[in-house]
Amino acid sequence: MAIDTLGVVRDGERSHDPSREGGRSAARCVGLTKRYADVVAVDNLDMEVRASECFGVLGPNGAGKTTTVEILEGLTTPDRGTVEVLGEAWGRGHDRALRERLGVQLQETQFSEKVTVAETMRLFRSFYRRGRDVEELLRLVSLEEKRGSLIGKLSGGQKQRLALACALAGAPELLFLDEPTTGLDPQARLQLWDIVENFRAGGGTILLTTHYMEEAARLCDRVAIMDHGRVITLDTPAALVASLGAEQIVEMSVTGELSEREIARLRGVTVVRRREGGAYSLTVGDIATALPALLDELARQEVKLETLSTHEATLEDVFVSLTGRNLRDG
Amino acid sequence: MGEANEILVNDRGARNEREGARVGREGRGGHGGESYRPLVELTLVRVREFVREKEAVFWTFIFPVLLACALGIAFRNSGPERVRVAVEAAPGAGATAAAQTAAALAKSPGVEVLSLSPEESARALRAGKVSLVVVAGAAAEPNDATDVPDAGSTLQGGLAQTDFAYRYDPTRPESRAARLEVDAALARARGRPDAVAAREEQVTASGARYIDFLVPGLIGLNLMGSGMWSLGFSIVVARGRKLLKRFAATPMRRTDYLLSFILSRLAFLFLEVAAVLGFAWLVFGVRVHGSVAGVGLVALLGAMAFSGLGLLVAARPTTIEGVSGLMNFVMLPMWLLSGTFFSADRFPAAVQPFVKALPLTAANDALRALINDGAPLASQWPQLTILVLWALVSFVVALRIFQWQ
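For the record, the sequence lines run as chains A and B.
For the first sequence, this note's numbering gives the first residue as 1, with consecutive numbering after it.
For the second sequence, this note's numbering gives the first residue as 1001, with consecutive numbering after it.
Next up, chain A with everything else stripped away, as it sits in the complex (with noise of 0.2 Å):
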């Protein structure tokens, strides 16, 4: 008997079969299809969340993250498609005793504003056979202090904090967070981060979807990036970088005609990408080499250059590489 650091009872009484242990699956989707009207929202999709790994669900708004994450907690139905959560499946008459073991957040759950913190923690609480108890997960979320206070005079982040200590109420061995950080200040982001590793630290699994690519990079062990109900690509993020085969991204804006094939023919550049109005996105292997002679080519071209920033390549940039758009363009 042991409890880890964010309430993963690890028992006898736990289902502990050896066989889903290490490497197995936590949660998996095989052809997962589902339609709204005319819409695809996910499309043939295949997935896997490994035991005690924190698996991100990169993608813009409307890729289909939400359907995905809400079809593997039991609230959607596919239309096709077979889903197993914890060795389970929906429907089959142990859905309750599924949930016992889940801890889900959703994208926007708003709380009622007239009650408590103290008393909707013990609400949530109240609905797990076993967990820890109310002021522990106050404590957990730093949120002691506010016990008393009313859903609605939390400011942002707090509310984000309490739906996280709500879905930690039933100390889960899987953790669905949807979401979680979207519309925080960056130190209220930092702040659920530090949650989430702890719960992570302690063996639990954690199936996270965001559009931060910083949140996927700091947090996950994998990524899938999803576009238009699929996965484009997937993989640690590091691994997902250096797909890039750069270490460098270069964006500029410039007035004039370029060409952007002379562009692509300079050493230590691999890609050239035109964005609009102007702008390119050049992915670059060695910039000390790179940078000198793109100046010299503008120049040689007689294209005025406007802006020109360099960083180092992200998960951002991946997206872009693979779908030709922004995460955050939706």
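None of these hints come from the bench; they were simulated from the model.
Each hint should be verified, as a subset may be incorrect.
[What the hints assert, rightly or not] Under the rule of at most 16 Å between Cα atoms (straight-line distance), these lysine to aspartate or glutamate pairs were calculated in the EDC-like manner:
no., chain 1, residue 1, chain 2, residue 2
1, B, Lys1242, A, Glu113
2, B, Lys1129, B, Glu1174
3, A, Lys146, A, Glu135
4, B, Lys1129, B, Asp1169
5, B, Lys1129, B, Glu1112
6, A, Lys304, A, Glu260
7, B, Lys1054, A, Glu113
8, B, Lys1129, B, Glu1119
9, A, Lys146, A, Glu113
10, A, Lys159, A, Asp185
11, A, Lys304, A, Glu251
12, A, Lys153, B, Glu1049
13, B, Lys1356, B, Asp1345
14, A, Lys159, A, Glu144
15, A, Lys114, B, Glu1053
16, A, Lys114, B, Glu1055
17, B, Lys1242, A, Glu108
18, A, Lys114, B, Glu1049
[Unchecked claim] Chain A residues, not near chain B, derived (Cβ > 12 Å throughout):
no., residue
19, Gly31
20, Asp38
21, Asp46
22, Asn61
23, Gly81
24, Thr82
25, Glu84
26, Ala89
27, Gln248
28, Glu251
29, Glu262
30, Arg267
31, Tyr280
32, Leu291
33, Ser321
34, Arg325
[To be verified] Here chain B is said to cover these stretches of chain A; the calculated rule only asks that three of the stretch's residues, wherever they fall, bring their Cβ under 8 Å from a Cβ of chain B:
no., segment
35, 95-101
36, 119-133
Beta carbons are placed, not taken as given, at the ideal position from N, Cα and C, and that holds for glycine.
Following the hints, complete the assembly by docking chain B onto the known chain A.
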């Protein structure tokens, strides 16, 4: 993700180890020192939400008392009601005859007289302000059936030169009563003795006043209103806030959620009923002639029937507008037909089975029987059965069709 973070995580790890030892004892097997019962917690949250909403408290407790007060004063028994009639001068006739007629009628205690011009009296008759128009000095026109359904008598002596016509709507009971009253008054003014002299015995029994009739109806109406609005709105709001979906993602039992609404209603039910009954007793002397416990039981079953209906109405709508429409659709027939403000027996026999099957009719009838007539509770078994059926059927159907998203 530098060293600073690692230190932070390690630090937390150490702290959690210490806590873990303590929690390990408390939380063994997941059952902590505290026990949590979902139905209790859900009900408590509902009760707190209600108490912290000042408007809800006003509409549930204060409003029915104010309504009883206003209606009780408006319809208080201040002697027998007098018939209101208008007197107008016939075309061509002088004002003297009309003035004499009005003076003669004013002597009669049962008649209230207004002297009006023909246009005014026509308008007053149409609007029901007067029940009858006496046309003084008109020539008798027995054949004119449209304007003058009944020709007036031609009198001898005193007002002998005056011809009268009564203009009224014979389908209105108060107009027919006015006709008899006016006829008798004019005959007396002419000096004719009453053909039959009967002794009058007037009765105003406690329990037969309008306020006595009204109070049980107001209790019934309040049971319906607070049951349906409070449940319907809070469920639809929770659905709109995605709170229902969040609950659906927990192992919470669906029945616990719906039952908590009914239980929280019961927490306030007796206060609500006591507020109206106590007020009516103190201010108007309305007494409960039957068993108080029986009244409590009827109120309980009524509240459950209306809570069930509230759950049913709120089972699917996602917007306040949607649920309000449905609510009105369900409640309007009961406002009109269930005999809150006047007796439902007045409706045609053909609709009586429908009227009797409505939960508000059942609640009102049973409450009146117990409060006004002192009837034994057992005699109200048909009404109680109707209430129980409504409660059971609506709850089961609501649970079936309930949308959590």
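Each hint tested on the structure:
1. Distance check on the hinted pair: B:Lys1242 and A:Glu113 sit about 13 Å apart at the alpha-carbon level, within 16 Å; holds.
2. Only pairs whose Cα atoms come within 16 Å are accepted, and B:Lys1129 paired with B:Glu1174 is accepted, the gap being roughly 11 Å.
3. Distance restraint check for A:Lys146 and A:Glu135: the Cα-Cα separation of roughly 11 Å lies within the 16 Å cut-off, and the hinted pair is therefore satisfied.
4. The suggested pairing of B:Lys1129 with B:Asp1169 holds, with an alpha-carbon distance near 13 Å, which does not exceed 16 Å.
5. Simply put, B:Lys1129 and B:Glu1112 have alpha-carbon atoms about 11 Å apart, close enough for the 16 Å limit, and the pair holds.
6. In summary, the hint linking A:Lys304 to A:Glu260 is supported, as the alpha carbons are separated by about 15 Å, within the 16 Å threshold.
7. Simply put, B:Lys1054 and A:Glu113 have alpha-carbon atoms about 14 Å apart, close enough for the 16 Å limit, and the pair holds.
8. As the CA atoms of B:Lys1129 and B:Glu1119 are separated by approximately 14 Å, the hinted pair is consistent with the 16 Å bound.
9. Proposed proximity of A:Lys146 and A:Glu113 is supported: the alpha carbons are some 14 Å apart, at most 16 Å.
10. With a CA separation close to 13 Å, the supplied pair A:Lys159 and A:Asp185 stays within the 16 Å bound.
11. Distance hint between A:Lys304 and A:Glu251 is fulfilled; the C-alpha atoms sit about 15 Å from each other, no more than 16 Å.
12. Distance hint between A:Lys153 and B:Glu1049 is fulfilled; the C-alpha atoms sit about 15 Å from each other, no more than 16 Å.
13. At roughly 10 Å between alpha-carbon atoms, B:Lys1356 and B:Asp1345 fall within 16 Å of each other, so this suggested pair holds.
14. Between A:Lys159 and A:Glu144 the alpha-carbon distance is near 13 Å, which keeps this suggested pair within the 16 Å criterion.
15. The straight-line distance between the Cα atoms of A:Lys114 and B:Glu1053 is roughly 8 Å, inside the 16 Å bound, and the hint therefore holds.
16. The hinted pair formed by A:Lys114 and B:Glu1055 meets the criterion: a straight-line CA distance of about 13 Å does not exceed 16 Å.
17. Using a Cα cut-off of 16 Å, the hinted pair B:Lys1242 and A:Glu108 holds, with the two alpha carbons roughly 7 Å apart.
18. Pair hint A:Lys114 plus B:Glu1049 holds up; C-alpha atoms about 6 Å apart against a cutoff of 16 Å.
19. No beta-carbon of chain B is positioned within 12 Å of the beta-carbon of A:Gly31; the least distance is around 24 Å.
20. With a minimum CB-CB distance of about 20 Å to chain B, A:Asp38 clears the 12 Å threshold, and the non-interface call stands.
21. Look at A:Asp46: its CB is around 24 Å from the nearest CB on chain B, clear of 12 Å, so calling it non-interface holds up.
22. Its beta-carbon lying about 17 Å from the closest one in chain B, A:Asn61 satisfies the requirement of being farther than 12 Å from that chain.
23. Distance check for A:Gly81 against chain B: the nearest CB is about 20 Å away, which clears 12 Å, and the non-interface claim stands.
24. The non-interface label for A:Thr82 is consistent with chain B: the shortest C-beta to C-beta separation is roughly 20 Å, beyond 12 Å.
25. Consistency note on A:Glu84: stated as away from chain B, and its beta-carbon is indeed over 12 Å from all of that chain's, at 18 Å minimum.
26. Against the 12 Å criterion, A:Ala89 stays outside the reach of chain B, whose nearest CB is about 17 Å from its own CB.
27. Every CB of chain B is more than 12 Å from the CB of A:Gln248 (nearest about 20 Å), matching its label as outside the interface.
28. The Cβ of A:Glu251 lies farther than 12 Å from every Cβ of chain B, with a closest approach of about 24 Å, so its non-interface assignment holds.
29. With a least CB separation of 39 Å from chain B, A:Glu262 remains clear of the 12 Å interface cut-off, as annotated.
30. Distance check on A:Arg267: its Cβ is at least 33 Å (rounded) from any Cβ of chain B, clearing the 12 Å threshold; non-interface status holds.
31. With a cut of 12 Å on Cβ distances, A:Tyr280 stays outside the contact zone with chain B, its closest approach being about 31 Å.
32. With a closest Cβ-Cβ approach of about 28 Å to chain B, A:Leu291 is found to remain outside the 12 Å limit, as its non-interface label requires.
33. No Cβ of chain B approaches the Cβ of A:Ser321 within 12 Å, the least distance being about 24 Å, so the stated non-interface status holds.
34. With a least beta-carbon separation of about 28 Å from chain B, A:Arg325 lies farther than 12 Å from that chain, consistent with its non-interface assignment.
35. By the rule of at least three residues with a Cβ nearer than 8 Å to a Cβ of chain B, the coverage given for the segment 95-101 of chain A holds, with 4 such residues.
36. Counting residues of the segment 119-133 of chain A whose beta carbon lies closer than 8 Å to any beta carbon of chain B gives 14, which reaches the threshold of three, so the coverage claim holds.
Of the numbered hints listed earlier, not one is contradicted by the structure.
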